[in-house]
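*Asks:* Taken in order, these protein sequences are the chains called A and B. At position 52 of the first sequence the residue is numbered 52 (the working numbering), and the sequence of numbers has no breaks. At position 313 of the second sequence the residue is numbered 313 (the working numbering), and the sequence of numbers has no breaks.
It is worth saying that the hints were derived from the structure and are not from the lab. All values derive from a computational prediction rather than experimental measurement. Treat each hint with caution, since some may be false.
DEER-style ranges, computed between Cβ atoms [claimed, not checked]: (1) B:152 <-> A:233: 42 to 50 Å; (2) A:149 <-> B:23: 20 to 28 Å; (3) B:152 <-> A:235: 57 to 65 Å; (4) A:231 <-> B:159: 36 to 44 Å.
For every residue, glycine included, the Cβ atom is placed at its ideal position computed from N, Cα and C.
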Amino acid sequence: MGGCRPLIGGLVVLVALGVLVAPVGRAVGQPPVTMTYIEQQIITAIDPQAAVDESSLHNAINLYDPLLYPSVDKRSMEPRPHLAESWTISPDGKTYTFRLRRGVRFHSGREMTAEDVVWSMERQLRIKRGFYWVWEPVLEPGRIRAVDRYTVRFNLKEAYAPFLGTLLLFFVMDRDLIMANLRRPGPFGEFGDYGAAFLERQDAGSGPYRMERWERASESVWVAFPDYWRGWKPGQVTRVHYKIVPEEATVKTLLRAGQADMVNQWLSPPSFLELKQSPGIVVREDPSVQLFHLQMNTKKPPLDNVRVRQAVASAFDYDRAIQQIFVGATKAKGPVPVRVPGWNPQVPVFTRNVARARQLLAEAGVRPGQLKLEYLWVTSVPMERLIGLLLKSNLEEVGIDVEIIGEPWARVVERATRPETTPHITAIFDTLKYPHVDSHTYGMYHPSCWGTFRCMSFYENPAATRVLEAARRSVDPAQQMKLYQEAQTIIARDAPSIYVANPLHRIAFRDHVKGYVYVGLLGFDVAFYDFTIAR
Amino acid sequence: MSFRTYLLRRLLHIVPVLLGLSVLIFVISRVIPGDPVRLALGTEATQEQVEALRRQMGLDRPLHVQYLTYLAGALRGDFGYSLRTHRSVSRDLVEFLPATVELTTVAMGLAVALGVPLGVLAAVHKDGPADHLSRLLALVGVALPRFWLAILLQLAFAYHLRLLPTIGRGPAPPVRVTGLYLVDSLLAGDPGAFLVALKHLAMPAFALSVGSLAQVMRLIRAGMIEEMRRDYAVAARSYGLPENLIVFKYLLKNAFTATLTVIGLSYGFLLGNAFLVETVFAWPGLAFYGVDALLFKDFNGVIAVTLVVGVAYAVVNLLTDILYGYLDPRIRYSEG
Numbered sequence: 001m002g003g004c005r006p007l008i009g010g011l012v013v014l015v016a017l018g019v020l021v022a023p024v025g026r027a028v029g030q031p032p033v034t035m036t037y038i039e040q041q042i043i044t045a046i047d048p049q050a051a052v053d054e055s056s057l058h059n060a061i062n063l064y065d066p067l068l069y070p071s072v073d074k075r076s077m078e079p080r081p082h083l084a085e086s087w088t089i090s091p092d093g094k095t096y097t098f099r100l101r102r103g104v105r106f107h108s109g110r111e112m113t114a115e116d117v118v119w120s121m122e123r124q125l126r127i128k129r130g131f132y133w134v135w136e137p138v139l140e141p142g143r144i145r146a147v148d149r150y151t152v153r154f155n156l157k158e159a160y161a162p163f164l165g166t167l168l169l170f171f172v173m174d175r176d177l178i179m180a181n182l183r184r185p186g187p188f189g190e191f192g193d194y195g196a197a198f199l200e201r202q203d204a205g206s207g208p209y210r211m212e213r214w215e216r217a218s219e220s221v222w223v224a225f226p227d228y229w230r231g232w233k234p235g236q237v238t239r240v241h242y243k244i245v246p247e248e249a250t251v252k253t254l255l256r257a258g259q260a261d262m263v264n265q266w267l268s269p270p271s272f273l274e275l276k277q278s279p280g281i282v283v284r285e286d287p288s289v290q291l292f293h294l295q296m297n298t299k300k301p302p303l304d305n306v307r308v309r310q311a312v313a314s315a316f317d318y319d320r321a322i323q324q325i326f327v328g329a330t331k332a333k334g335p336v337p338v339r340v341p342g343w344n345p346q347v348p349v350f351t352r353n354v355a356r357a358r359q360l361l362a363e364a365g366v367r368p369g370q371l372k373l374e375y376l377w378v379t380s381v382p383m384e385r386l387i388g389l390l391l392k393s394n395l396e397e398v399g400i401d402v403e404i405i406g407e408p409w410a411r412v413v414e415r416a417t418r419p420e421t422t423p424h425i426t427a428i429f430d431t432l433k434y435p436h437v438d439s440h441t442y443g444m445y446h447p448s449c450w451g452t453f454r455c456m457s458f459y460e461n462p463a464a465t466r467v468l469e470a471a472r473r474s475v476d477p478a479q480q481m482k483l484y485q486e487a488q489t490i491i492a493r494d495a496p497s498i499y500v501a502n503p504l505h506r507i508a509f510r511d512h513v514k515g516y517v518y519v520g521l522l523g524f525d526v527a528f529y530d531f532t533i534a535r
Numbered sequence: 001m002s003f004r005t006y007l008l009r010r011l012l013h014i015v016p017v018l019l020g021l022s023v024l025i026f027v028i029s030r031v032i033p034g035d036p037v038r039l040a041l042g043t044e045a046t047q048e049q050v051e052a053l054r055r056q057m058g059l060d061r062p063l064h065v066q067y068l069t070y071l072a073g074a075l076r077g078d079f080g081y082s083l084r085t086h087r088s089v090s091r092d093l094v095e096f097l098p099a100t101v102e103l104t105t106v107a108m109g110l111a112v113a114l115g116v117p118l119g120v121l122a123a124v125h126k127d128g129p130a131d132h133l134s135r136l137l138a139l140v141g142v143a144l145p146r147f148w149l150a151i152l153l154q155l156a157f158a159y160h161l162r163l164l165p166t167i168g169r170g171p172a173p174p175v176r177v178t179g180l181y182l183v184d185s186l187l188a189g190d191p192g193a194f195l196v197a198l199k200h201l202a203m204p205a206f207a208l209s210v211g212s213l214a215q216v217m218r219l220i221r222a223g224m225i226e227e228m229r230r231d232y233a234v235a236a237r238s239y240g241l242p243e244n245l246i247v248f249k250y251l252l253k254n255a256f257t258a259t260l261t262v263i264g265l266s267y268g269f270l271l272g273n274a275f276l277v278e279t280v281f282a283w284p285g286l287a288f289y290g291v292d293a294l295l296f297k298d299f300n301g302v303i304a305v306t307l308v309v310g311v312a313y314a315v316v317n318l319l320t321d322i323l324y325g326y327l328d329p330r331i332r333y334s335e336g
């Protein structure tokens, strides 16, 4: 008899699942619309507050709702109302009051309230995971308050220009469900494990999909949540098979064979070119909000001399880099990617000028053959090695030797922690972290960021620091942008990096997938709710 | 020495081996460059975040204390927290190990089931067409990179002929008992699920088995040819015993002894090196997990996978020794 129990248990679970799944079809009023998406990276965490990579963000964006959302309908990354339907900001820029949408239901069936928002942000601040670092400068537990059932207030320590934009990354969780499933004891005192173990098994969100199954290294299955507050229309995807397939050749085979409807952005450019020529496959190419640059360690001689840095930046062959290595990319103009609102079109831009480079080196007192610089590239990104070879040949012309060294990403991150361990020049891809120009200015060139891969230049200019701080504290949007643009000019003139390219973002899908929009923010282009299938 | 004493001694040999392995891999995983905590938290993490997680994981304590804590946990089946998967490594092992065990076992089964008869055939028809063909197959089997063969198989059988599934293990059987889909589907009495699992296994298992198959085939051939020249074989023939009886009952049993060592070693090797095949077929196995852990310097994951592969090597070699004893009783009694 005992042997039958697991079988009976399994049947009960299946029947229960059937009951839960059944309303989806009724709510949508159509047969299920299935879509298979292929990702090459595993989903490392399904807890949205621990998400740091693209696949984990996909999970968060589809199973949970952030407080605000990018304006996908306007093809813009500007924050628009979502769980919060309106907001006000105090004149000093420190108090944000959000009016929440009524009738938003979590997958448990309970209505979302201001208490859930308060609890979710406090959890984020206490567990110190995921995007905690974007709120850490201005928020701490106790600074978020539920004014009434549908109003929540954030009291910031100081005005924080990118605050609204960061709320696109703040996912609201079902407080009651998680609190009922805490594991005690745990590292968070009365909160035990803060639901970490529970969130390994299921979601606690209000997003368009709820998790049906998750096999960490192979597949995650999401089904439409019938009571989703934005409602459902015919043709929308109601069942998602999110598969993990690491091998590029296999990914292409699956898309060509029609066993996948969309594949991720991590394929190599030749593979995208190959797919472009396959019938029934669309390859979308959009200018990205990514910056590829060669960070120069301004604390390490001889790059502590601005003339040497300017000389290196003047010797580099930007056109060849774009034409031969970053095919289709836009030449970077300063630290901010050109499609980010707030980018300064007047920013000083270095172009290849060997004579000028030689002159700058002479002014710096550097003789040909005197210098040797270390160039570091990430071994998993072969393109960076090609850039290193180009840099080496360019700098040879002005008498500088370059030693090219490849290291795994884990080692690069470790070397970035101190100026002494950071090499002279490091190749870095840096994508916009939140939809604000602050990400690629304050986030990369204010001394508070030193120690991370984003700040391997260890840039320090009191004038730039002052302007960046004033920009963050500014409450007038026009003044704010003026200050951020001024900071870009100061930074670019000091040449803490060789700004090479804003690469293309590519993604491939079958031509029956409609509704794909790329707004630039990591993960938000793969929101399955936006897709319809027209087979 | 009795068989029980022999077995006990072999089991005791495993303990210092695993202990040594654990010290070695623990120290290596801690000293190799790279900061896994920073990687796990996201590369923009603040120093405060990094320090908080270090404290939580006990990484701020002296190395020997960390090791002893780890060892005590490992003995209870707790291999620590994975910085990559953000959960206990023991849970990862439970999820990923059965997939690789199933794949490797079926691959070795294929290698033996095909390699032995082909080896016998080559030996019996030495220098004939069958022998030449087997030599060619062995050469191709050893020389062909597994991942390339895997992609070719995928293109042929999944993309063009559409006979087999392209990736994965297929749907899990309704009841999980062992995590081995073939076994669980049989236990559930579901032949349909068994067939589906078998279809998913066919290509990856074959791609993984080819190298071992070639080795087994060549070793059996060489062993058989050597045995054929021995006096007892000549005597058996002169007595007029049927050829099949001589080949399969006497020659093969003796020729198989040498091959057994290779089979044992191959099993352990495949268990830890199925990575490329697992990657091509998106097979959620331990080798894939181990390499991912290595790339992200998830040291608890790396140590656990190394120990599991170490245990597998030890156990398979123990079984090989026991089988040796069965095939050749002189071995178990001659050990001093």
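*Asks:* Lying within 20 to 28 Å: is that true of the beta-carbon distance residue 149 of chain A to residue 23 of chain B?
*Replies:* 58 Å, violated
*Asks:* Can you let me know if the beta-carbon spacing of residue 231 of chain A and residue 159 of chain B is within 36 to 44 Å?
*Replies:* 39 Å, holds
*Asks:* Per the hint of 42 to 50 Å, is the separation of the Cβ atoms of residue 152 of chain B and residue 233 of chain A within bounds?
*Replies:* Check passed, 44 Å falls within 42 to 50 Å.
*Asks:* Given the range 57 to 65 Å, decide if the beta-carbon distance of residue 152 of chain B to residue 235 of chain A lies inside it.
*Replies:* Violated: the Cβ-Cβ distance is about 38 Å, outside 57 to 65 Å.
Hint check: violations occur at hints 2 and 3; the rest are consistent with the structure.
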